[in-house]
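Colleague: From first to last, the protein sequence lines are chains D and X.
For the first sequence, position 102 matches number 102 in full-length UniProt numbering, and the numbering has no gaps at all.
For the second sequence, position 26 matches number 26 in full-length UniProt numbering, and the numbering has no gaps at all.
Just so you know, these hints were derived from the structure itself, not from any lab.
Idealized CB from N, CA, C, for every residue including glycine.
Any given hint could be a false lead.
Said to hold, decoys possible - A partial selection of chain X residues facing chain D, derived with a Cβ cut-off under 10 Å:
| id | residue |
| --- | --- |
| 1 | L6 |
| 2 | T47 |
| 3 | L55 |
| 4 | P72 |
| 5 | S96 |
| 6 | V98 |
| 7 | I101 |
| 8 | K103 |
Said to hold, decoys possible - Okay, derived cross-link-like pairs now, DSS-like style, lysine-lysine, Cα gap no bigger than 27 Å in a straight line:
| id | chain 1 | residue 1 | chain 2 | residue 2 |
| --- | --- | --- | --- | --- |
| 9 | X | K99 | X | K75 |
| 10 | X | K57 | D | K79 |
| 11 | D | K22 | X | K31 |
| 12 | D | K78 | X | K103 |
| 13 | X | K103 | D | K5 |
| 14 | X | K70 | D | K22 |
| 15 | X | K90 | D | K5 |
| 16 | X | K70 | D | K44 |
| 17 | X | K103 | X | K90 |
| 18 | D | K22 | X | K75 |
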Amino acid sequence: MIQSKQDYLTILEQELHHTADKDELIREMDLHISELLHELALAKGLGEGAAMPEIVERLGAPEHVAAQYQTELEVTPKKVQWTFISVNIVFFIGGICLTLLYNLLPLPFVSHVWTTLTSITAVIIILYMLFWMLLGYEIGKEFGLGGRRLLIKTFYIALMPNILLMGLVVFRLMPMNWFDPLLTPPFIAVCILSTIVLYPVSYVGFRWGTIQSV
Amino acid sequence: MFNRELVKGSTSLILLQLLAEKDMYGYEIVKEMEARSGYALQVKEGTLYPALHKLEKQKYVDAYWQEPDKGPARKYYRLTAEGKEILQQKTSEWQSFVKAIDKVIGRKGYDSV
Numbered sequence: 001m002i003q004s005k006q007d008y009l010t011i012l013e014q015e016l017h018h019t020a021d022k023d024e025l026i027r028e029m030d031l032h033i034s035e036l037l038h039e040l041a042l043a044k045g046l047g048e049g050a051a052m053p054e055i056v057e058r059l060g061a062p063e064h065v066a067a068q069y070q071t072e073l074e075v076t077p078k079k080v081q082w083t084f085i086s087v088n089i090v091f092f093i094g095g096i097c098l099t100l101l102y103n104l105l106p107l108p109f110v111s112h113v114w115t116t117l118t119s120i121t122a123v124i125i126i127l128y129m130l131f132w133m134l135l136g137y138e139i140g141k142e143f144g145l146g147g148r149r150l151l152i153k154t155f156y157i158a159l160m161p162n163i164l165l166m167g168l169v170v171f172r173l174m175p176m177n178w179f180d181p182l183l184t185p186p187f188i189a190v191c192i193l194s195t196i197v198l199y200p201v202s203y204v205g206f207r208w209g210t211i212q213s214v
Numbered sequence: 001m002f003n004r005e006l007v008k009g010s011t012s013l014i015l016l017q018l019l020a021e022k023d024m025y026g027y028e029i030v031k032e033m034e035a036r037s038g039y040a041l042q043v044k045e046g047t048l049y050p051a052l053h054k055l056e057k058q059k060y061v062d063a064y065w066q067e068p069d070k071g072p073a074r075k076y077y078r079l080t081a082e083g084k085e086i087l088q089q090k091t092s093e094w095q096s097f098v099k100a101i102d103k104v105i106g107r108k109g110y111d112s113v
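Next up, chain D with everything else stripped away, as it sits in the complex (with noise of 0.2 Å):
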């Protein structure tokens, strides 16, 4: 039972107990409360003890409160940032592990995989290019339009290891064997032109997400 404003403020930060920037909220709280306080007085001469159960049906129950509060604000720029960079990342990795087996351990399931891959090309460019698009999508939506600087920042190192098998192909730094029959100067070239349009097509899921962040 509440039955002052501290009772709701202790449940409150026991709530937030493990949420960064919980003390700004929980000041806030208390000047509200403290101004309900002085309406109810004012209004029907409730003293705290009375006014608590009001107030606490007009605010919602603390828990409630801080409930919401780590939903809106659970997810951070970090969290969003590595989350897309890794999974660019595994993208990469599992590409790096699949040609390595299929040319030093042709396996019958490897060779398959490998085979029906190399065979879909333009499938997997176009999904792909839809990874970035969700990467600027996600962005948008929870950073809203203040998140340009995110995207970008996210953008650059995502595309790190892009950048650098496309310098080892180019510059014929790697075994191009390994990737016969794929390596085809027009397949390269599709690579070259994917990779500079990828920021405009992550930046148009910024601008669809920004749209939904509200």
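Given the structure of chain D, go ahead and fit chain X onto it with the hints provided.
Modeller: Chain X in isolation, oriented as in the chain D frame:
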């Protein structure tokens, strides 16, 4: 009183619109919202702060503490340039939505449900 989910879905838009007119603190926003809607729009007041903090995270609003002549300092929220831009987009979307719904359910000659 309206359906809670309906109000919840429009809370951010309402907050941005109120802050477009002047900087306000939480309790003031609640009072303004109630007064303007003829007390039809009533939200759980405590849930406004998570919504305001999210708008702050999205850089649609920023905040500053100001001490009044009497009483403790209050946290005022104000609309940013990004907030104005999204407000314009969302207001236009909302108006199109209302027009479309009006066309469907507001036709003359039909009884409302």
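Colleague: Does each hint hold? Answer for all of them.
Modeller: Right, here's what the structure says about each hint:
1. L6: It is violated, given that the least Cβ distance between X/L6 and chain D is near 15 Å, above 10 Å.
2. T47: This hint holds: X/T47 lies near chain D, its Cβ roughly 5 Å from the closest one there, short of 10 Å.
3. L55: X/L55 check passes; min Cβ-Cβ to chain D is 8 Å, inside 10 Å.
4. P72: At 6 Å from the nearest chain D Cβ, X/P72 passes the 10 Å test, so the hint holds.
5. S96: 13 Å, violated
6. V98: Violated, because the Cβ-Cβ distance from X/V98 to chain D comes to roughly 16 Å (cut-off 10 Å).
7. I101: 19 Å, violated
8. K103: 22 Å, violated
9. X/K99 with X/K75: With Cα atoms ~36 Å apart, X/K99 and X/K75 exceed 27 Å; violated.
10. X/K57 with D/K79: Between X/K57 and D/K79 the Cα gap is close to 14 Å, so the pair holds against 27 Å.
11. D/K22 with X/K31: Satisfied, since the Cα-Cα distance of roughly 24 Å is no more than 27 Å.
12. D/K78 with X/K103: 45 Å, violated
13. X/K103 with D/K5: 48 Å, violated
14. X/K70 with D/K22: Given pair X/K70, D/K22 holds - Cα atoms ~26 Å apart, limit 27 Å.
15. X/K90 with D/K5: Roughly 37 Å separates the two Cα atoms, so the pair is violated.
16. X/K70 with D/K44: 23 Å, holds
17. X/K103 with X/K90: 20 Å, holds
18. D/K22 with X/K75: 15 Å, holds
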